[in-house]
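Residue numbers (the numbering used here), protein chains in the order written: chain Z, 1 to 132; chain A, 1 to 476.
Worth flagging that the hints you see were computed from the coordinates, not collected in a lab. Don't take each hint at face value.
[Stated by the list, open to error] Quick look at which bits of chain Z chain A covers, simulated, 3 or more residues with Cβ under 8 Å:
1) 5-11
2) 63-77
3) 102-112
[Claimed, not checked] Think about it this way: if two alpha-carbon atoms lie no more than 25 Å apart in a straight line, the pair counts; the simulated BS3-like pairs of lysine-lysine are:
4) K94/Z / K195/A
5) K22/A / K8/A
6) K336/A / K88/A
7) K409/A / K15/Z
8) K15/Z / K88/A
9) K11/A / K388/A
10) K227/A / K321/A
11) K195/A / K182/A
12) K8/A / K152/A
Every residue, glycine too, gets a C-beta built ideally from N, C-alpha and C.
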Amino acid sequence: MAFEFLEHPSDLLIKATGKTVEEVFTNMMSGVASYIGGEAGVPSEEQPYSIEIEGDSYLNLLVRFLNELLFLTETEERIFTRVEFEELTENLLKANVYGGEGELVEQIKGATYRSSFEKNPEGFEARVVFDV
Amino acid sequence: MSEMIQKKNFKRIGRYLYEIPKSFRADMKAPARFYSSPTFLERLVEERALEQLVNTATMEGVYRYVMAMPDIHEGYGFPIGGVVAVDKNTGLISPGGVGYDINCGVRLLKTGITEEELAPKKRELLEEIFNTVPAGLRGKSPVRVSLEELDKFLEGGAVYAAERGFGTRNDLERIEENGRLKTADTRRVSDRAKKRGKDQLGTLGSGNHFLEFQKAVKIFDKDAAEKLRIRLDEVFVMIHTGSRGLGHQVASDYIEIMREAMKKYNIKVPDPELVSAPFTSKEGQGYFKAMSAAANFAWANRQIIMEMTRRAFNKILGIPKEQVFLIYDVAHNIAKVEGNLVVHRKGATRAFGPGNPNIPQFYRDIGQPVIIPGSMGTSSFLMLGTKKAEEETFGSTAHGAGRVLSRHKAKREVRGEELRKELEREGIAIFSRSNVGLAEEAPIAYKNIEEVVNITAETGIAKKVVQLKPIGVVKG
Chain Z
1 MAFEFLEHPS
11 DLLIKATGKT
21 VEEVFTNMMS
31 GVASYIGGEA
41 GVPSEEQPYS
51 IEIEGDSYLN
61 LLVRFLNELL
71 FLTETEERIF
81 TRVEFEELTE
91 NLLKANVYGG
101 EGELVEQIKG
111 ATYRSSFEKN
121 PEGFEARVVF
131 DV
Chain A
1 MSEMIQKKNF
11 KRIGRYLYEI
21 PKSFRADMKA
31 PARFYSSPTF
41 LERLVEERAL
51 EQLVNTATME
61 GVYRYVMAMP
71 DIHEGYGFPI
81 GGVVAVDKNT
91 GLISPGGVGY
101 DINCGVRLLK
111 TGITEEELAP
121 KKRELLEEIF
131 NTVPAGLRGK
141 SPVRVSLEEL
151 DKFLEGGAVY
161 AAERGFGTRN
171 DLERIEENGR
181 LKTADTRRVS
191 DRAKKRGKDQ
201 LGTLGSGNHF
211 LEFQKAVKIF
221 DKDAAEKLRI
231 RLDEVFVMIH
241 TGSRGLGHQV
251 ASDYIEIMRE
261 AMKKYNIKVP
271 DPELVSAPFT
281 SKEGQGYFKA
291 MSAAANFAWA
301 NRQIIMEMTR
311 RAFNKILGIP
321 KEQVFLIYDV
331 AHNIAKVEGN
341 LVVHRKGATR
351 AFGPGNPNIP
361 QFYRDIGQPV
371 IIPGSMGTSS
381 FLMLGTKKAE
391 EETFGSTAHG
401 AGRVLSRHKA
411 KREVRGEELR
421 KELEREGIAI
431 FSRSNVGLAE
441 EAPIAYKNIE
451 EVVNITAETG
461 IAKKVVQLKP
471 IGVVKG
């Protein structure tokens, strides 16, 4: 599975894996969508949101990317299910994200730095703890 | 990660008080103390919470000892239940010492009517509140505010809310800090935080937040209850919520800012979650002023919800709004300057004793009211602060039950629909759209509140006055 909900004493822990960094970021986004949305609507192709974040590591970028998505979910009422990366290095993320209107069944308030991003033999693995 | 803390690493120094000495780890600058009981200890040693407490003892400027209340459990950076005081000139301030929900807190109202008098209209009244006070993920604020006016709420807290017609000036003295931290600076709050909060004033939110009808089922301190004009069977309203998305964004923003600041000030911490900055630094002051604004937002939020509750009581029962009387409002996630210290209380309640000049004249001979909410469906308690708390815990006590079962596990073990029926059978009317939300907050997911309260009472860091049992719940 590309993402998985793991046990955590008080918050939400999602594990995402992928062959590439992009895949891990995408799968983590899907994990979030799957948790908060019962049934996400069809993403609006006309209205992507563009995101540009600078950072000092993949972990840093991942946490900030997820917080950006969650901010947009709360203020724009969209659940994000598709992303196109223009650039993703350890210091810069540029992407267009596509979200659909959907009913929220759960809330995630934000991603925290109680998280990890590591290389493994198959590619990469990220674990992110979310405040819910 | 260092190894788990075991029983051999701490000593018992009081009936329910334990200490991990400074010698336990070379980087500790003070001992770590915590309140617990033999039952709670069994579970506590298996968690990361004690290690988190020890980590806070490595902070620069930490004063005397770091502390945890008996409801301690694992949090972000600091454990929940943690109380850490630092010197305001040399110490560090940390967003992790306050938590994401800045000024999450509790407000208790007495209604002057008995359960019997309420009974015929109970459901109708709960429904009216459910329809006017948004809970959960949907529902927009009952207050329309522009971004300019939002700043007034951030500066003025409950004081501005009262000016705006939500409650009256008479309520204000019975709110911690009179419902407003004067240290707020709206320029330190990001546009993103304001955007998140703009439509959330007067809303409960989700998670463990609730509005409950409760009845007084047991009086422990007759004199104090008399002074507070509390009778057995009287109906109370408890409001438990905080600063919503706005406070969360302030926390997230300053965690990012402090990650950078730590490089600049060369601050080393044993856990990356423990971000912090010197209290006197630009970043430290920025956080403190933004946090103060978020705290004001939370006080305004609870003030508005109280007013909506009073209106509902007036509309459905015809009783005068002023009869729904505010007993007190406490913050349990906050950092404050108290004397020469910056006191972080994360999942801990201020508990000032009799004679303290910071509590209203009316309560000065009995001590500050302390409100300890139970988890959904279980008892809550009204307690009073003590001199002993001022001497031993920087004037702090417990804040609630403390989670023991993850939301994930709770959802697996409890079916929301069945729980709803069970609570209804016990006479608790449930107004919540989400069965999932109910399951996550099931009573079995929390520590036994009565044991938490008994430990605090027996150690004298708060005094029991009244036990309250829920008879109606509004939640997300």
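Taking the hints in turn, this is what the structure says about them:
With 6 residues having a beta carbon nearer than 8 Å to a beta carbon of chain A, the region 5-11 of chain Z meets the requirement of three or more and the stated coverage holds. Coverage of the region 63-77 of chain Z by chain A holds [criterion: at least 3 residues with CB-CB distance below 8 Å; count 5]. Coverage of the region 102-112 of chain Z by chain A holds in this model, with 7 residues showing a Cβ closer than 8 Å to a Cβ of that chain against a need of three. Restraint check for K94/Z and K195/A: the C-alpha separation of about 23 Å stays at or below 25 Å, so the hint holds.
Taken as a hint, the K22/A and K8/A pair is honoured in the structure, with Cα atoms around 14 Å apart against an allowance of 25 Å. Taking the CA atoms of K336/A and K88/A, the gap is near 10 Å; set against the 25 Å cutoff, the hint holds. Distance restraint check for K409/A and K15/Z: the Cα-Cα separation of roughly 17 Å lies within the 25 Å cut-off, and the hinted pair is therefore satisfied. With a CA separation close to 40 Å, the supplied pair K15/Z and K88/A exceeds the 25 Å bound.
At roughly 21 Å between alpha-carbon atoms, K11/A and K388/A fall within 25 Å of each other, so this suggested pair holds. Taken as a hint, the K227/A and K321/A pair is honoured in the structure, with Cα atoms around 21 Å apart against an allowance of 25 Å. Restraint check for K195/A and K182/A: satisfied, since their Cα atoms lie roughly 22 Å apart, inside the 25 Å limit. A threshold of 25 Å between alpha carbons decides the hint, and for K8/A with K152/A the separation of about 53 Å lies outside it, so the pair is violated.
Hint check: violations occur at hints 8, 12; the rest are consistent with the structure.
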